[in-house]
Amino acid sequence: MKKYILLLLLASYGFNSFAQLNKEQEAIKKTFFDFLKFYQKNETKFNQFRLYKGTGKENNPPFKVLWTEVEKYFAYLRKSVPYVGEAYIKAERAHFKFSDSCFKADKEEIMPVGFDYDRWAGGQETIDYTIQWYTSPKNIYQVDITGNTAILKIGSELWEGATEADRSWSFVPFTKEKGKWKMADNVYPMDDEGEE
327 MKKYILLLLL ASYGFNSFAQ LNKEQEAIKK TFFDFLKFYQ KNETKFNQFR
377 LYKGTGKENN PPFKVLWTEV EKYFAYLRKS VPYVGEAYIK AERAHFKFSD
427 SCFKADKEEI MPVGFDYDRW AGGQETIDYT IQWYTSPKNI YQVDITGNTA
477 ILKIGSELWE GATEADRSWS FVPFTKEKGK WKMADNVYPM DDEGEE
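327 is the number of the first residue of the sequence shown in the working numbering; add one for each residue after it.
Hints listed in this document are in silico derivations from the structure and should not be mistaken for laboratory results.
A couple of the hints might just be wrong.
[Said to hold, decoys possible] Straight-line alpha carbon distances no greater than 20 Å define the calculated PhoX-like cross-link-like pairs of lysine-lysine that follow:
| id | residue 1 | residue 2 |
| --- | --- | --- |
| 1 | K479 | K363 |
| 2 | K508 | K356 |
| 3 | K349 | K506 |
| 4 | K416 | K506 |
| 5 | K367 | K508 |
| 6 | K405 | K504 |
| 7 | K379 | K390 |
| 8 | K506 | K356 |
| 9 | K363 | K508 |
| 10 | K502 | K416 |
| 11 | K508 | K416 |
| 12 | K356 | K479 |
| 13 | K508 | K349 |
| 14 | K405 | K506 |
| 15 | K371 | K398 |
| 16 | K430 | K390 |
[To be verified] Simulated DEER-style distance windows between Cβ atoms:
| id | residue 1 | residue 2 | range |
| --- | --- | --- | --- |
| 17 | I436 | K506 | 38 to 46 Å |
| 18 | E369 | T489 | 32 to 40 Å |
| 19 | I436 | E490 | 38 to 46 Å |
| 20 | E486 | A401 | 40 to 48 Å |
| 21 | M437 | F359 | 29 to 37 Å |
Where is the CB? At the ideal position from N, CA and C, for every residue including glycine.
Assemble the whole structure, with the sequences as input and the hints as a guide.
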């Protein structure tokens with residue numbers, strides 16, 4: 327009897343993991359995919375903003391956030407990037423404030439905290455690699471919607487010999503602004519407990 331219950335639970339889990347997304351959930355997933363494609367085409371523009379600089383010799387530490395340039399970046403997002411909105415800009419501002427506080431707390435740090443990876447695509451890899459990672463047809467996509475907020479969860483494809491417990495998950499927060507789903511922050515890995 328215990329075997330049947332375990333089998334039923336596993337089948338139920340598998341069904342829920344691979345359930346199709348409804349229309350609204352698909353729209354959220356599509357927004358993220360469209361953002362990745364937009365970023366891929368406009369990576370140079372995203373990276374042209376000099377958001378921080380080293381104030382030491384040859385641009386070395388200590389670092390500081392260049393707030394005037396940050397505001398230009400936000401203006402670019404508002405004007406040119408339809409996949410993000412004010413919640414995204416608010417999250418970016420919070421990230422930059424955190425980075426600036428780290429720069430002030432540790433003036434000798436040689437890695438510019440918050441700028442030592444691709445913030446938009448979440449990692450050290452190029453967008454050409456990352457876009458394949460997040461859009462693989464072997465991934466699992468789940469979207470949890472609560473009112474005007476949502477979380478897109480991306481379960482990576484499993485490698486040969488891997489089990490479901492080995493699957494790595496990332497998440498992208500969304501918010502509904504003026505009737506449209508917009509990214510509310512960048513993509514991040516979920517922790518080991520499945521928490522955002």
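Okay, the hints, checked on the actual structure:
no., hint, result
1, K479 - K363, "holds, 18 Å"
2, K508 - K356, "holds, 11 Å"
3, K349 - K506, "holds, 13 Å"
4, K416 - K506, "holds, 17 Å"
5, K367 - K508, "holds, 19 Å"
6, K405 - K504, "holds, 15 Å"
7, K379 - K390, "holds, 6 Å"
8, K506 - K356, "holds, 12 Å"
9, K363 - K508, "holds, 15 Å"
10, K502 - K416, "holds, 14 Å"
11, K508 - K416, "holds, 13 Å"
12, K356 - K479, "holds, 13 Å"
13, K508 - K349, "holds, 15 Å"
14, K405 - K506, "holds, 16 Å"
15, K371 - K398, "holds, 12 Å"
16, K430 - K390, "holds, 8 Å"
17, I436 - K506: 38 to 46 Å, "holds, 41 Å"
18, E369 - T489: 32 to 40 Å, "holds, 35 Å"
19, I436 - E490: 38 to 46 Å, "holds, 39 Å"
20, E486 - A401: 40 to 48 Å, "holds, 47 Å"
21, M437 - F359: 29 to 37 Å, "holds, 31 Å"
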